[in-house]
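Peer 1: Sequence:
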Amino acid sequence: MSLVTDCQPLPDQFTLSTCTDILSHTLLRVFIWMIGVISAIGNFIAIIWHTKSMTKEFQVVKTLLINLSIADFTMGIYLINIASANIYFAGIYSEYLETWLRSPFCSIASSLITLSSFMSTVILFLISLDRYWGLVYMFDNYRLSYRFVVISLSLSWVLSIIYIGLPVIYSINQPSQYRFHGTNGACIPGNLSNTYFLIWLIFYCAFTFVIWITISMMYIAMIVTLTRIRKQANRQISSVEKIIQAKMIAIVITDLICWMPLYIVLLRFLFGYGLDTHSLPFIAVLSLPVNSCINPIFYTIFTRTFLNKANNMIRQLRNILTLCQVYLYQCHSNSSSQSFGRYKIFYNAIKFH
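Mapped onto numbering that gives the first Met the number 0, the consecutive letters of the sequence shown carry residue numbers 0 to 352.
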């Protein structure tokens, strides 16, 4: 292997990667580890939770949420993959740059971030559509059928894997100009100097942009419908309705925060203002993955059933710890019979707490 004697850019330049590290900034490394771990653990919990709580009544919703968690879980795997590679090549990245960029791990990472963002968008559209029909057309009994959801999800996964897999497979062991991710150390698809990859990315972003606009419009329509129903009933907004509306508004705002920076950069490029090559990798690494952390919070953790279950588990754990303390006290007591009586009284007191 030839030794690198001169490397550009210099470590203090504002770039995603430097000669020494894949991730140039300490804040970036910490953020990716934090988001990656939270996303992986949060969505893994969501997958288990929705699988165990699956019932026929909520079969459609649970199936959608399980698939959403799987899509977001892959984003966590992507982030952990990149963060681990940054540690592995720390201080010597320039010497192994091509080794990393041509490696199967980088190709897999490129597939994961693209597939996760794409499928998460599609599944959120189906979830929003089911909620929209159920609320706006509640008297017409419009809801997505389980058969429709299964077919839609199956087709979406298959077509997405094919659409994303083709450029990734084409990029295997290719020089930078023919690679999907070019020279991007985080393996983010963004080789805009290649016409075919540029066209691919335009279609990808246009499709997701249309879906996000549609999702936002559906949530706005749902908020308007809830407000109209409340006014027709001539009553004040309840605390439950406030929570529902707050969650809907939060979903729309967080989606815009996560995706809008990417769309702005690409629109500026398409309208001839040039491509901000420094901002694009940061946007892709910092903005898009945030959705994979937010989704399990909105759709799993902040649900009443999950919170009640979590409170029960915390209460049981507290009781167990209390019993352990009582047992230790009983063991160290001078009068075993008297201590055991106090132990039984205390046990009965917390047993039904």
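Just so you know, the hints here were simulated from the structure itself, not pulled from any lab data. This one's a predicted model, so the numbers in the text were calculated from it and none came from an experiment. Errors might be hidden in some of the hints.
Unchecked claim - Simulated pairs of lysine-lysine, DSBU-like, Cα-Cα distance not exceeding 30 Å:
#, residue 1, residue 2
1, Lys-308, Lys-55
2, Lys-51, Lys-61
3, Lys-230, Lys-51
4, Lys-230, Lys-55
5, Lys-308, Lys-230
6, Lys-61, Lys-246
7, Lys-308, Lys-61
8, Lys-230, Lys-246
9, Lys-246, Lys-51
Peer 1: Given the hint that Lys-61 pairs with Lys-246, does the C-alpha gap stay at or below 30 Å?
Peer 2: holds (18 Å)
Peer 1: Regarding the pair Lys-308 and Lys-55, is the alpha-carbon distance no greater than 30 Å?
Peer 2: holds (20 Å)
Peer 1: Assess, step by step, whether the Cα of Lys-308 is no farther than 30 Å from the Cα of Lys-230, and give holds or violated.
Peer 2: violated (34 Å)
Peer 1: Holds or violated: Lys-230 and Lys-55, Cα atoms, limit 30 Å.
Peer 2: violated (34 Å)
Peer 1: Would the hint linking Lys-230 and Lys-246 be met if the CA-CA limit is 30 Å?
Peer 2: Measuring from Cα to Cα gives roughly 20 Å; hence the hint holds.
Peer 1: Are Lys-246 and Lys-51 close enough, with their CA atoms no more than 30 Å apart?
Peer 2: holds (24 Å)
Peer 1: Need the status of pair Lys-308, Lys-61: alpha-carbon distance at most 30 Å?
Peer 2: holds (17 Å)
Peer 1: Within 30 Å, alpha carbon to alpha carbon, are Lys-51 and Lys-61?
Peer 2: Between Lys-51 and Lys-61 the Cα gap is close to 10 Å, so the pair holds against 30 Å.
Peer 1: Keeping to a limit of 30 Å between CA atoms, is the pair of Lys-230 and Lys-51 held or broken?
Peer 2: violated (39 Å)
In this structure, the earlier hints numbered 3, 4, 5 are contradicted, and the remaining ones agree with it.
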